[in-house]
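Colleague: These are the residues of each chain, in order.
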Amino acid sequence: MGKTLFEKVWDAHVVTEVKDGPSILYIDKQLIHEVTSPQAFAGLGKRGIGVFRPERTLATPDHNVPTKGQALPIKEELSRKQVDTLTDNCNKYGVTLFGLGHPSQGVVHVVGPETGTTLPGMTIVCGDSHTSTHGAFGSIAFGIGTSEVEQVLATQCLMQSKPKTMKIEINGTLGKGVTSKDIVLYVISKISAAGGTGYFLEFCGTAITSLTMEARMTICNMSIEMGARGGMIAPDETTFNYIKGREFAPKGDKWEAAVAYWKTLYSDADATFDRVLSYDAADIEPMITYGTNPGMGIKVSGSIPSIEQVEESNKLTFNKALEYMGFKEGEKIAGKQVNWVFLGSCTNGRIEDLRTFANFVKGKKKAANINALIVPGSKQVERQAIAEGIDKVLADAGFELREPGCSACLAMNEDRVPKGEYCVSTSNRNFEGRQGPGARTLLVSPLTAAAIAVSGKIVDVREFMN
Amino acid sequence: MEKFTTIQSTIVPLPIEDVDTDQIIPARFLKATTKEGFGQNLFRDWRYNEDNTPKADFVMNDPRYSGKVLVAGKNFGCGSSREHAAWAIGDAGFRVVVSSFFADIFRGNALNNGILPVQVSDAFLAEIFSAVNANNKMELIVDLQNQFIQIAGTEKKESFAINEYKKTCLINGYDDIDYVLSQKDKIEAYEKSSKYLSFVS
Ligand code: SF4
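In order, the protein sequences belong to chains A and B. For what it's worth, this note's numbering labels the leading residue of the first sequence as 184, then goes sequentially. For what it's worth, this note's numbering labels the leading residue of the second sequence as 20, then goes sequentially.
Hints are all accurate, no fakes.
Computed footprint of chain B on chain A; a stretch qualifies when at least three of its residues, placed anywhere within it, have a C-beta under 8 Å from a C-beta of chain B: (1) 218-228; (2) 299-305; (3) 377-388; (4) 591-597.
In case anyone wonders, no lab produced these hints; they're calculated from the structure. Quick caveat: nothing in here was measured; it's all calculated off a predicted structure. A virtual CB, placed ideally from N, CA and C, is assigned to each residue, including glycine.
Given these sequences and hints, build the entire structure.
Modeller: Structure representation (structure tokens):
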């Protein structure tokens with residue numbers, strides 16, 4: 184019987200199996216950042232051991248860093264201490280660090296792909312749930328806890344039980360104004376924030392294979408928002424073209440050998456999945472969330488569900504979410520005023536996202552009531568944006584390009600949305616307080632965010648497209 | 020890691036679904052570089068007002084409820100991979116979390132910190148909530164060796180599943196790292212055959 188893409192990559196990484204237990208899986212690359220690594224390094228110290236394969240770990244600070252004045256010392260003491268601890272640990276154990284000011288620093292899931300660190304067929308982990316992003320290259324990539332970060336530092340391996348597999352197939356052509364973010368918000372709204380728990384996903388179908396790498400990463404990034412540990416897309420010419428020539432990509436003969444291997448990484452026609460879902464791209468419209476988990480999504484042109492439409496067991500959660508968001512059941516979402524727009528994060532902080540936003544706002548003006556945080560995902564993205572004149576286009580429209588970091592995606596630095604205010608965000612989580620205590624988040628695509636940024640209220644971006 | 024034996028305890032009921040890790044421990048409290056002290060910020064924004072006074076209507080501030088067992092609605096621990104969520108729960112004195120569904124990463128993080136996630140049926144979860152409504156001093160028995168959970172003093176009980184390996188670790192207080200470190204020769208042998216390593220090194 185044939186194998187799925189997931190099985191091929193998994194099987195190629197099993198070091199040994201524990202009787203009645205998990206497998207010991209070899210990890211090709213671990214990415215680390217300042218927030219979930221200090222206790223792991225401290226754990227090594229307590230055990231009196233070092234990092235087993237320091238060259239297989241790559242570090243960059245992102246969660247805590249300021250997005251203005253990065254050349255200056257970090258003002259917030261605890262944040263500075265975490266970033267300094269990362270630097271000290273990397274120096275002590277010989278781990279490569281893209282520190283603040285380094286030309287490759289950025290959000291860890293933006294940095295991996297753009298430096299050619301992320302390659303098809305790898306196993307990649309990071310103490311961050313959005314490690315699923317790297318699955319867009321056909322790698323098994325997933326988030327882990329700090330004890331597991333320590334395990335990988337100590338052994339370059341991880342004890343893992345094999346998850347079930349789910350195929351999510353989306354065929355057809357996307358409509359006008361519909362982007363990959365809308366695809367993933369649509370799928371999550373269908374299967375719920377827990378619908379993928381216990382599974383590893385594979386996204387396929389013509390609506391997926393026609394996407395760019397950036398757009399594929401947006402989809403895999405949000406696999407975790409359905410509860411799945413990760414999501415993969417089989418590598419193809421689009422993938423190889425993206426990787427070729429990047430800093431850490433294989434070169435010369437090694438490149439040829441690598442591509443030949445990568446071409447074998449797809450799900451065989453007779454492979455079986457534990458679950459299969461199919462959707463039609465033509466059914467997908469620009470999406471927005473109205474509640475406090477990413478499964479609470481609707482069409483921008485639609486209405487918030489009424490209480491009768493909600494399953495009995497979800498009613499409490501639904502009512503609590505609406506109370507937090509200050510919305511009423513059954514009401515239309517378009518036309519509501521919002522005061523904040525956040526463009527950035529490992530979901531939508533790539534160059535293509537900045538281009539989309541800039542193209543839309545070019546020649547228009549930011550609405551007077553909008554506070555915007557436009558945050559590139561990395562130093563490379565920032566440089567590219569400046570080289571393309573995106574910073575100028577943004578400035579002319581009243582927006583400012585900041586410096587890279589996670590920023591208002593999780594509000595660990597000073598980029599926060601005030602209590603009670605609405606923020607239209609291109610990030611991945613709309614949990615209570617995610618963008619600051621009491622902040623109200625509505626997840627959208629960069630294109631929809633641009634339309635809202637110039638309108639000052641929620642609009643269907645297609646209204647601008649006729 | 021502390022060994023896990025049978026636990027009998029009163030419970031703290033939290034009948035909310037989709038409790039995400041940002042509620043368990045908000046990101047702004049993740050700036051520490053040690054594992055201790057997170058318990059005071061467990062459920063911070065549900066538990067305290069902005070001026071740090073306790074919110075009277077949150078269960079952890081209700082003197083009628085305490086114990087080593089947290090019982091929560093479906094899909095507990097969804098969201099981020101932050102192990103700080105498990106540290107906060109453990110630091111606040113819980114050894115067991117009961118729910119009818121757990122997010123994967125949280126489940127693993129809990130087990131790695133000696134906290135047992137017990138997944139029960141929706142019906143049994145509802146039984147627990149109604150039992151504690153009727154009697155806030157109601158106790159649960161969680162027997163890991165025999166893999167069952169029971170409402171003390173009643174016949175109401177249910178078995179639960181746990182990976183055999185993880186069960187052994189928990190009962191003996193072992194952790195994964197000790198085990199994997201003992202397999203180093205196999206790891207080194209694997210590296211010689213790795214496709215990935217042949218392309219990049
Ligand atoms: S951008 Fe947001 S989701 Fe991505 S790594 Fe940073 S905090 Fe996590």
